[in-house]
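S.K.: Now for the letters of each chain:
Protein chains: 2
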Amino acid sequence: MTDFVLHPQLAADTAMVCDWPLSRVLLMNDMRFPWLILVPRRDGIAEIIDLEAADRNLLAGEIARASAILKRWTTSHNGCDKLNVGMIGNIVRQMHVHIIARRTTDAAWPFPVWGRGHPVRYPASERERAAAELASLCADQ
Amino acid sequence: MTDFVLHPQLAADTAMVCDWPLSRVLLMNDMRFPWLILVPRRDGIAEIIDLEAADRNLLAGEIARASAILKRWTTSHNGCDKLNVGMIGNIVRQMHVHIIARRTTDAAWPFPVWGRGHPVRYPASERERAAAELASLCADQ
Numbered sequence: 089m090t091d092f093v094l095h096p097q098l099a100a101d102t103a104m105v106c107d108w109p110l111s112r113v114l115l116m117n118d119m120r121f122p123w124l125i126l127v128p129r130r131d132g133i134a135e136i137i138d139l140e141a142a143d144r145n146l147l148a149g150e151i152a153r154a155s156a157i158l159k160r161w162t163t164s165h166n167g168c169d170k171l172n173v174g175m176i177g178n179i180v181r182q183m184h185v186h187i188i189a190r191r192t193t194d195a196a197w198p199f200p201v202w203g204r205g206h207p208v209r210y211p212a213s214e215r216e217r218a219a220a221e222l223a224s225l226c227a228d229q
Numbered sequence: 089m090t091d092f093v094l095h096p097q098l099a100a101d102t103a104m105v106c107d108w109p110l111s112r113v114l115l116m117n118d119m120r121f122p123w124l125i126l127v128p129r130r131d132g133i134a135e136i137i138d139l140e141a142a143d144r145n146l147l148a149g150e151i152a153r154a155s156a157i158l159k160r161w162t163t164s165h166n167g168c169d170k171l172n173v174g175m176i177g178n179i180v181r182q183m184h185v186h187i188i189a190r191r192t193t194d195a196a197w198p199f200p201v202w203g204r205g206h207p208v209r210y211p212a213s214e215r216e217r218a219a220a221e222l223a224s225l226c227a228d229q
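Chains as they are written, first to last, in the numbering used here: chain A, 89 to 229; chain B, 89 to 229.
Take the hints with a grain of salt, since some may be wrong.
A pair counts as met if it fits within one copy or between any two copies, since identical chains are not told apart.
[Said to hold, decoys possible] When the alpha-carbon atoms are kept at most 25 angstroms apart in a straight line, the in silico SDA-like pairs for lysine to any residue are as follows:
1) Lys-159 x Trp-202
2) Lys-170 x Glu-140
3) Lys-159 x Asp-131
4) Lys-170 x Gly-205
5) Lys-170 x His-95
6) Lys-170 x Ser-213
7) Lys-159 x Asp-91
8) Lys-170 x Asp-91
9) Lys-159 x Pro-96
10) Lys-159 x Gly-205
11) Lys-159 x Gly-132
12) Lys-159 x Ile-137
Hints are computed from structural coordinates only; laboratory data are not their basis.
This one's a predicted model, so the numbers in the text were calculated from it and none came from an experiment.
Okay, chain A solo, but in the shape it has when bound:
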């Protein structure tokens, strides 16, 4: 764990939410979609098969936890019709999991969000508020 360093591209594209037992929880800086990223705090992991079985189970639980938090968070915004989960990593190899709350009216529906259009950055104050709201839900749940 001590060797964990967040990839600079992930750091540039996100805001910190909190740390869970396995993963760092990040908010993707793209207002188009309510979008969390989990990064297992393990050194040198690119694929799910690089994780030990115990960490794999932790990750499955944290994906479910992040999914539940996004559903709860979006009830006070525009709601959520579907959750999308992806582990891609074709460009940034440090293992990271996308969890995205989708709406049938969103900018990419029904396609996955990756590689569709361009991110719309949060104004700094809104980004901080969103990250704080999510951190508060993470503490609850």
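Starting from the known structure of chain A, arrange chain B on it as the hints suggest.
M.R.: Chain B in isolation, oriented as in the chain A frame:
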């Protein structure tokens, strides 16, 4: 488990490989990418948060197992530079997990495969051979 019925769209797009403790393992009928689909054999599941914790752990293990099988299978074809895993379900709501072996020279790289180009179907004999090879790897591993 007795109520499990595979969604007709998934049935139309895939070939049967085998059944694992939780999931049905299917080969996506698209020669562009070595591509497995896992469908948890549970009724009425759309999201990872709909699964019990024990099933979530089973699923995480089966995703890793499918990943290892695709890596092994592709060593005798063109190799594999990255694995992509996705749970999307925006169109077909029955929960299913995509596991795709990617190459830096493939038709969609570096983008995710979903919604890029059009499937290239296997000739029937090649589809059957590929499904049989994968079933044999599933029995080993």
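S.K.: Now tell me if each hint is right for this structure.
M.R.: Here is what the structure says about each hint:
1. Lys-159 x Trp-202: The answer is both: 20 angstroms in one copy and 24 angstroms across copies each meet 25 angstroms.
2. Lys-170 x Glu-140: Between copies only: 18 angstroms across chains, 29 angstroms inside a chain, cut-off 25 angstroms.
3. Lys-159 x Asp-131: Classified as between: cross-chain Cα gap 22 angstroms, same-chain 30 angstroms, threshold 25 angstroms.
4. Lys-170 x Gly-205: Result: close both inside a copy and across copies, 20 angstroms intra and 24 angstroms inter.
5. Lys-170 x His-95: between (28 angstroms within a copy, 17 angstroms between copies)
6. Lys-170 x Ser-213: So Lys-170 and Ser-213 fail the 25 angstroms test inside a copy (27 angstroms) and across (37 angstroms) alike.
7. Lys-159 x Asp-91: Neither way: Lys-159 and Asp-91 sit 32 angstroms apart in one copy and 27 angstroms across, limit 25 angstroms.
8. Lys-170 x Asp-91: between (35 angstroms within a copy, 23 angstroms between copies)
9. Lys-159 x Pro-96: neither (28 angstroms within a copy, 28 angstroms between copies)
10. Lys-159 x Gly-205: within (24 angstroms within a copy, 31 angstroms between copies)
11. Lys-159 x Gly-132: Classified as between: cross-chain Cα gap 18 angstroms, same-chain 31 angstroms, threshold 25 angstroms.
12. Lys-159 x Ile-137: Between copies only: 10 angstroms across, 28 angstroms inside.
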